[in-house]
Every structure is written in structure tokens, then in C-alpha cells.
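J.: Single-letter residue listing:
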Amino acid sequence: MLELIQKLFGKDSNSSKDIAKERLRLVLVHDRVNVSPQLMETLKDDMFKAISNYMDINEKCMEVNLTHTESSVTLVANIPVTSMKRGAMSKR
Amino acid sequence: MGEVIVITSGKGGVGKTTTSANLGTGFALQGKKVVLVDADIGLRNLDVVMGLENRIVYDLVDVTDGNCRLKQALIRDKRYESLYLLPAAQTRDKNAVTPEQMKQLCDELKQDFDFVIIDCPAGIEQGFKNAIAGADRAIIVTTPEVSAVRDADRIIGLLESEGKHNPKLIVNRIRPHMVKKGDMMSIDDIIEILAIDLLGIIPEDDYIVVSTNRGEPAVVNPISQASTAYKNIVRRLMGENIPLMIIEDNTSFFNKLKKIFNL
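One line per chain: the protein sequences are A and B, in this order.
Position 7, counted from 1, in the first sequence is what numbering that gives the first Met the number 0 calls 6; the numbers after and before it change by one each time, with no gaps.
Position 170, counted from 1, in the second sequence is what numbering that gives the first Met the number 0 calls 169; the numbers after and before it change by one each time, with no gaps.
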């Protein structure tokens, strides 16, 4: 009943268009992250280079993955640090 | 040297063929020499939408197979003499043509025509790859529905990976009263999601059904809303700066009244 009144007065905040938009947003996040393994490798290389400026890391043990949950996509990186670079802090 | 424009969408039934027919006829109305190419091999439809189904002798595959010369397969429109159709083959499948052959065909047509409009089949397989092979620019047609917008997004990505950048968007079948009620995504919503340039908007218009029944593109009718919308798009494609049309809500009480009294 309340719903009907809300509809009558045009105050339905959860309009079907908003539902459509939200569903689309989620579905596209998942569609768009179907990235090629090649792209992931390039990303890994770039991350390795950037991080190596500050610390020694083991490239072989480095793991970079995209994980999907129902409402989001996360980039998860597991990068074991061998040692901090001397002087990396003072460079900045 | 003309320009090759592919009309694509991913999803079927959003209005690619209708859009192709109307843009082609619209260009002819502007005095341009234009050819419509039906790339939907095996499921040809542009011929019936144009009302030219009785005139087909040769088709696209006859041309690429070398059974006839290109000029022999081109059908001149009944109404406009600068408008031509190259029909698809009906008894073959998409693999009867290669992207290289399509590219060659487009290059040849470009020599003679101001605009070459390619009606792309639904889907992302061989037929899509053939249709976009020779295109200089792409127009994506979508409707304000989740499925159509999702497919449009996929097509944008695929076009990008094939080196076809900056496709333009046509949002078809907008129902203003539903947008107003919040029950249909608006143009802004769709543009925000897809992040590409808007070329035009087409309102839902019963006249499209009538025009398809008759085999006479809607742009020919001076009073249909969709006709005006298509004409605007044609002029934008020709480089003019035309503002987006304000779509009238035909279902409002006032407009119904106007209709009754034929105002």
C-alpha cells in the first residue's frame, strides 16, 4: 500500500532505471576485466619496475591477480619483499 | 573519395537495419550518392526494409566470388536515383566472405560513392569482422535496455581492438514518458556508462512499423518524429552542428488532446 502511494506521488526512490544502471555497472565491471594474460604480464613487469626503485623484491614469487566478488573486482598483488633499499627513503 | 560507415550493435533487434535504411535514404535526400551494403549474409533484410526485394539479381557474394561485376549487383532505389543497395546473399553463410574481400569491396565502392553504409549483422563473429573490415568509422546503435547497452560496451571494446577508434552512439527507441517516470535509462545514464560520443537519439515511433510494412524508410515521411531524428543525424554526419531534438511525450494528456483535434 505504501509502495502504491509512493508510486502515485512519484517518490519511488528505487526506480527501475536505477536498478538497471546498477546492474549494468556491475556486469560491465566484470565484462571489462576479462583482460588478456599478456596484459597481466605487462602490468606485472611495470609493477616490478616501480617497486624495485624502493625495495628488493623477488619477481618469481610475485603474484598479481584480479579477483571477482559479487559486487566488485579487486587487483590483488602478493609481493614478497627481500630487503628495503638503502637510501630509498632519502631519495624522496 | 567517399566514406565507409558501419552500423553495428552487438545485440539483435535494436534497429541496425532500420537505421541503415534511414541514414542511407537521408543522405540521398541531401543529394549525396550513397550505397547501402547488407553484410548480414544468410539473413538479408535491408532489401525488404527498402522495398527492393523484387529487384535482386546478383548479391554481395556473387561480387566477391567473381560471378558478376560490382555494377551489376547494385540495385538502384525506386525513389532516389543517387541511392543504391548491394544486397546480401540469402543462401550462403557468413564464411562465404573474408574481411580482406570486404575491405577490397569497400575500397572499390568508395571510389564511386559519397557514403557507403554497411548494415552489420548481430553478434561478434565472422559476420561482424567482415562488416567492420573496410569501415572508416563506426556507429553503434543501442536501446535503453541493460542487455543492449552491455552488448554495445562489448562492441566498443572489439572495435577498439580492431583499430576502429571513436565510434559514435545512436540511442534508439526512447520512450520519454518512461524516462520521466524513472522507468527507463536516460540518454545521460547511457552516455555515462558507455563513455562515448552521442550522435543522436531516436524516439520510439509507431510509424517505423508502418514504414517497414510499406518498404519505405521513415525519413521520407515529413511528420514522423523518428524521421526528424534521422534527418538530424544525417546532417551531423555531414558536419553540421544540429542540437539534439526534444522528444515530445505523445502520451501526455495535452498531447493526446492535440492529436484528437489534429493540432
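One should not assume that every hint holds.
A few chain B residues facing chain A, derived, Cβ under 8 Å [what the hints assert, rightly or not]:
hint, residue
1, R153
2, G181
3, M184
4, I192
5, D196
Honestly, the hints are just simulated from the structure, not real lab data.
Note that the structure is predicted; figures quoted are calculated from it, not measured.
Glycine included, C-beta positions come from ideal geometry on N, C-alpha and C.
J.: Work down the list of hints and note, for each, if the structure agrees.
T.: Evaluated hints:
1. For B/R153, the interface hint holds, since its Cβ comes within 8 Å of a Cβ in chain A; the closest pair sits about 6 Å apart.
2. Residue-level restraint check for B/G181 holds (minimum Cβ-Cβ distance to chain A is 3 Å; threshold 8 Å).
3. Among the interface hints, the one on B/M184 holds; its C-beta lies about 5 Å from the nearest C-beta in chain A, closer than the 8 Å criterion.
4. Interface hint at B/I192: satisfied, since its Cβ lies 6 Å from the closest Cβ of chain A, which is below the 8 Å cut-off.
5. A distance limit of 8 Å between C-beta atoms decides the matter here; for B/D196 the minimum to chain A is near 18 Å, and the interface restraint is violated.
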